[in-house]
Structures are given as C-alpha cells and as structure tokens.
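Undergrad: Given next are the chains, with one letter for each unit.
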Amino acid sequence: MTVAGEKIVVEDRKSTDTALVIGGGVSGMQAALDIADQGYSVVLVERTPSIGGVMAMLDKTFPTLDCSACILTPKLSEVARHPNIELMTYSEVKSITGTAGNFRVSVLRKARKVLEDKCSGCGDCVPHCPIEVRNEFDQGLGYRKAVYIGFPQNTPLVYTIDSENCIKCGMCVKSCEREAIDLDLEDEEIEISVGAIVVATGYELYNVANYRRFGYGRFKNVINALEFERLINAAGPTAGNLMRLSDGKIPKSIGFIQCVGARDATKDVPYCSRVCCMYGIKNAVMAKELQHENVKKVTIYSIDIRAFGKGFEEFYNMAKDRFGIKFIRGRVGEVSENSRNKNIIVRAEDTTTGKFLEQEHELVVLCPGILPPKGLRDTANQLGLQLDSDGFIHVEQPASNPVDTAVSGVYICGCVEGPKDIPDSVAAGSAAAMRASITLWREGEH
Amino acid sequence: MERAEDIKSYKPDQPIQDSDVQSGFKYEVAEHVGAEGLMRCLKCGACSGGCPVAAVTDYRPRKVLGDVLLGLKDQVLSSDTLWLCAACFTCEERCIQEVNFTDVVTVLRNMAVREGFAAEGYMEMAKRVIQFGRVSPLTRQVERMRENLNLPPLQEPAIEELRAIMESAGFPEIMEAATRRSKTV
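Chains as they are written, first to last, in my numbering: chain A, 1 to 446; chain B, 1 to 185.
Chain A on its own, in the form it takes in the complex:
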C-alpha cells in the first residue's frame, strides 16, 4: 500500500487508537504496517539503531534465492514513511502496566546524540571520527566508527553515536553542517498509552563456542552461518568476496556442520530450529554460485535434512543435482586444525555406509540453532506471560489462536513464539496485527 501524508503525533491519540509493537524485525514491521494501514496508529520500538532485524543481515533467502535486502528495503522505507507509524529506534520498553485497551508503557529512549529531525544521513561526520570498533551488524568482521550506521539501508537514516566508545573529541560536531549532533543529550524515559501490544522481539543465535569440539573461537577458519552470510553479502565487510579468515584466500572446499545448538538435549536445546537445514543448503549453494571457479567441494554434514516447506525439497534436490553439493548423513564428532595450512579436519561417520570420514576443508561453517532472545523472561514477566520449557512464549491455543497469548490484548509474532522462517514470521506478523486491531476496535468507543 502506498502511503503519504503528515506523520501523526502519538501523544494526541487515544490509547484505544494506538498499538505498540516491540521489535522491528521483519515480523514486527509487518505487524506495524498492517495495523497502521487500518487507520490505527502504531508505536514501533526497536532496541538497535535500525529496524530490519536479522533479515537485514542476510544475503539471500531460501528457497528462491531472492536477495534479502531487495525484499526488505522497500518495507523498511514503508515503515519509516508511514504516517501512522511512529518509529522509536535505539529504544527499549522499560515497563508495562494496565490491561487491554489501556496499557501504560514506559519507553527508554537511549541518547543517540544525533537529532533525528536534523540528521540527513550524509555521513560527513564519519571520516572525522577517530574511533574505530568492530561492527556488530557485520558480526564483528568489519569495522565502524563511534558515529555510525550499521549498514547502508539503516532506517531511519540517522547516525548514532555509541556512547560506550565515543571519546567526546567533538570532531563530528564541528564537521556537521546541519548542527545535528549534540554530545550532551541524555537518555530519556517517555510514557505512552496503547490499547494493544504485539511482542516481536525475535531470537538470538546459539553461541556455537559452547561446542569446544567444533573449534569455534579456537580455529580461525571455523565461522558461524551469520558470519558466512556477511562474508558473501555485497554490502558486507569483504564487499561480497568470500574468503577465509586465516589468510584471506578463497576457500576451495567448504564444510557445513548442521544442528549446532539444535536437537541437543545436553545443551538444553532439544528442539529443531526449523531454518538451519535450509539456510545451510542456501549458503552452500551460494558459495558455489558466487565462486564456481574456485569452490570445488562443498559438503553438508547433517543428522537429517528437514526440507518441510513449500519448494524446500525441490531446493534440496537442486543443491544435490545441479550444484553438486555433497550431503553426508552423520553428525560431526569433532574438528581439528591442520597446523601447517590452517585447514580444518572434520571427523564424522557417513551413517549410510558406515564409513569413517576424516575430511579436510579450507573453511568450516557451523549452522547454529535459534534461541529465545535474552531478556525475554523479563518482558514476559512484565506482561504476565508464561514461557514454555524451551524459553519461548507460551501460546494457549497454538492450533486455533497461534498469535494469542494468555493476556488479552497482547499478541506475539515471529520467532518469539518459536523458530520460524521469513514467510512464517511475516504471516504471523499480519495475523498478530489483525488480532491487535480487533482488540483496538472492541475497546474503542463506537
């Protein structure tokens, strides 16, 4: 839907005309757009300086191999420009009280020290900043300044000054022609009233360093899948040139290890994370696609390949037949490093033949599972929501009301309920938006 017009002022609206969406990933954005398109106003609170979530970090989506940014960026702009959406990035929900129709929410707006209405995103301040730190958006593989945007499509296109690393030299202030930088700005807490809440705080990836036997953190050429994603992304730290971290060479042989932090009862993640098989295959295909001259051998080590969605099985078969990716059914026992050339030796059993494999790969990618986000328990406690034993939010009626929580007026979407892929997250976002607007309509005066 094309939208235009003056931005609403949330403070002027009744609580029953406003919804709160917590989390600006693809699911939260969809929820915000669908509520806003019905004429209600929406406050979208996002913890990081930009909306977009993890999808913004991805290079391609499975199973169509569509460019992730090409799908997401129009949505980013739509959310930013929608007259009914007030975007609060770099902000956190501190407390929530009240009931459906009238929730009182206090939001901490962290000082980004750049005035959002003045900054044009020109980036003139960046060359003047003397501080360089690792960019979280690039999974620490690239660098950014203390005054930064995480990625080119940062939405809103407003720079942020990272107070932790800023030395207050004032160089950026002098360089800014629009006088948009004020280093004395402080955090502020604001109160808003909303009628319905959508929780879309997403997920976090399993910390693969917990598996010492897979060598992450010990061997340079063992990386996780999101790091791989940034390495093949044209906007990433290597401008899309796939290389291994020990010597910058293009890896000729790559191994993908599946189920790292998924289906493992000993690591408290007994559930399947749903997306890892497919993103593993996608990354394997992308490695071949990008560097078909150089990448000769791509092997995926898995327990089972769970290609359950529309077009997934076909994608899996295409990876095998057209791209020649080798699939080994066998969980990897351990990896070690060849000290001479820093290659990674993977030990596993091919369980279909019983053969013991000891294969050398120039790069090994661990495919982590999905965990509930940190701090979800606090959010849940404030809202009076229960968590399941796996740490995700409990849904009372998953079959009939998949986005409803135990609290009236509070809905959930995306990975906060359990691992989901992008289409499912977006579908849940739309569903939660519908449920939230029904609450708003019922609670409002008609």
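Treat the hints as calculated values from the structure; they're not laboratory data. Just so it is clear, CB atoms sit at the ideal spot from N, CA and C, and this is done for glycine as well. There may be inaccurate statements among the hints.
To be verified - Quick look at which bits of chain A chain B covers, simulated, 3 or more residues with Cβ under 8 Å:
{"no.": "1", "stretch": "261-273"}
{"no.": "2", "stretch": "322-331"}
{"no.": "3", "stretch": "345-358"}
Said to hold, decoys possible - Simulated crosslink set (DSS-like; lysine-lysine; CA at most 30 Å straight-line):
{"no.": "4", "chain 1": "A", "residue 1": "Lys342", "chain 2": "A", "residue 2": "Lys320"}
{"no.": "5", "chain 1": "A", "residue 1": "Lys267", "chain 2": "B", "residue 2": "Lys43"}
{"no.": "6", "chain 1": "B", "residue 1": "Lys43", "chain 2": "A", "residue 2": "Lys326"}
Said to hold, decoys possible - Have a look at the derived ranges for each label pair, beta carbon to beta carbon:
{"no.": "7", "chain 1": "B", "residue 1": "Ile165", "chain 2": "A", "residue 2": "Ser336", "range": "41 to 51 Å"}
{"no.": "8", "chain 1": "B", "residue 1": "Asp80", "chain 2": "A", "residue 2": "Ser336", "range": "24 to 34 Å"}
{"no.": "9", "chain 1": "B", "residue 1": "Phe89", "chain 2": "A", "residue 2": "Asn381", "range": "34 to 44 Å"}
{"no.": "10", "chain 1": "A", "residue 1": "Ser336", "chain 2": "B", "residue 2": "Glu147", "range": "34 to 44 Å"}
{"no.": "11", "chain 1": "A", "residue 1": "Gln386", "chain 2": "B", "residue 2": "His32", "range": "36 to 46 Å"}
{"no.": "12", "chain 1": "B", "residue 1": "Phe89", "chain 2": "A", "residue 2": "Glu164", "range": "35 to 45 Å"}
{"no.": "13", "chain 1": "B", "residue 1": "Glu28", "chain 2": "A", "residue 2": "Asn381", "range": "44 to 54 Å"}
{"no.": "14", "chain 1": "A", "residue 1": "Gly375", "chain 2": "B", "residue 2": "His32", "range": "41 to 51 Å"}
{"no.": "15", "chain 1": "A", "residue 1": "Met318", "chain 2": "B", "residue 2": "Val21", "range": "34 to 44 Å"}
{"no.": "16", "chain 1": "A", "residue 1": "Glu293", "chain 2": "B", "residue 2": "Glu31", "range": "57 to 67 Å"}
{"no.": "17", "chain 1": "B", "residue 1": "Glu31", "chain 2": "A", "residue 2": "Arg104", "range": "53 to 63 Å"}
{"no.": "18", "chain 1": "A", "residue 1": "Glu293", "chain 2": "B", "residue 2": "Asn110", "range": "53 to 63 Å"}
{"no.": "19", "chain 1": "A", "residue 1": "Asp390", "chain 2": "B", "residue 2": "Leu138", "range": "53 to 63 Å"}
Go by the hints and put chain B onto chain A.
TA: For chain B alone, kept in the frame of chain A given last:
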C-alpha cells in the same frame, strides 16, 4: 585420510532375515541400569564420528546401537567389535540424546558373557583374577620398578576371600557358560 580408508573392512550390511530379529531385544537391554537411554538414539553418528577406536577399526558405536534397536540379538552379542570399546566416554559426553553409550556397552558385554560370548582376552583376565587375585601376574621386574620408585612392595591378595565373593556373585557359573560355548563351537 588414506589411513582410515585403507583399513576399511566394513561392508554394507548383509540382508537381514526375519529369523535374525528378536524384536524384544531392545527392551531387554533397556531394562538394565545404564542402558535406559538406548531408545532415545537418533542414529546421528556423533558417537562414531568422535570415537578414537572407530578411526582405526571398523567398530561403529552407532552400528552397535542400530543393531540393538533392530533386535539382532545374536549378531550383537557374538560380535568381536563389542569388545573394542575403549571406554573413553567420548561418545557419552557428546551424545545429543543422552544415550550413555559406554554404559550400554557395559550392559551388552555382561549379557554377552552370560550367553557365553566373552572375548578371549577378558576370559584370560578373569581366570587370572580367580587364580592369583590379580589381573596381571606379579613379576620380578615390577618389584624392581617399585623399589626404584620407593614404593612399598605389593601385598599378597586375599585370594580365599576374593574367591568367596566371586562365588557368591555367581562368577564361576558365568565363566563356565563362556567355556562351554567355546568347547562346543
């Protein structure tokens, strides 16, 4: 890499006949202390992948588990590979389903011995314990080494008491079962 490939004597499984399968075998095994986790196995192969014995022989923990779950009782209990486990507990440490395979092997070995399938080396060791009260004979060399290390001389084991304990635990009967089979075969 070549090393592991060369010594492969592993052949894809022979066809399994109905008569080989005893479907209740897995329940029989899982009843024993330590083997309760057996039924959780996904046959993912993480045990074999990290097994130091699997790297050099055709022993595959996953294969043993798979055979137990299939109900190939005679094949599992009579196989030599059952005795190759070094009890390093690596598989137990890494198993994502908490199957505790090393304990399962102990249960299987105990069952195998009662069925008369004890490995020769283990039988020799058992005989030595009954006879001398030690797993390995005490030699002059050992005594000298202990002297050099300033260790006190080894005491004579209380063989009579040891035998009494072993007899009341039914050890001679188990030994007999194993010996009987080796004579008939």
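Undergrad: So, for every hint listed, does it hold in this structure?
TA: Right, here's what the structure says about each hint:
1. 261-273: holds (count 5)
2. 322-331: holds (count 3)
3. 345-358: holds (count 11)
4. Lys342(A) - Lys320(A): With Cα atoms ~28 Å apart, Lys342(A) and Lys320(A) stay inside 30 Å; holds.
5. Lys267(A) - Lys43(B): Given pair Lys267(A), Lys43(B) holds - Cα atoms ~18 Å apart, limit 30 Å.
6. Lys43(B) - Lys326(A): Holds, at roughly 20 Å.
7. Ile165(B) - Ser336(A): 41 to 51 Å: holds (45 Å)
8. Asp80(B) - Ser336(A): 24 to 34 Å: At 29 Å between Cβs, range holds.
9. Phe89(B) - Asn381(A): 34 to 44 Å: The hinted range 34 to 44 Å holds for Phe89(B) and Asn381(A), with Cβ atoms some 40 Å apart.
10. Ser336(A) - Glu147(B): 34 to 44 Å: Hint holds: Cβ distance 42 Å, inside 34 to 44 Å.
11. Gln386(A) - His32(B): 36 to 46 Å: holds (39 Å)
12. Phe89(B) - Glu164(A): 35 to 45 Å: holds (44 Å)
13. Glu28(B) - Asn381(A): 44 to 54 Å: holds (48 Å)
14. Gly375(A) - His32(B): 41 to 51 Å: holds (45 Å)
15. Met318(A) - Val21(B): 34 to 44 Å: holds (38 Å)
16. Glu293(A) - Glu31(B): 57 to 67 Å: holds (58 Å)
17. Glu31(B) - Arg104(A): 53 to 63 Å: Between Glu31(B) and Arg104(A), where Cβ atoms are some 59 Å apart, the hint holds.
18. Glu293(A) - Asn110(B): 53 to 63 Å: Since Glu293(A) and Asn110(B) have Cβ atoms about 58 Å apart, the given range 53 to 63 Å holds.
19. Asp390(A) - Leu138(B): 53 to 63 Å: holds (57 Å)
Hint violations for this structure: none, all hints satisfied.
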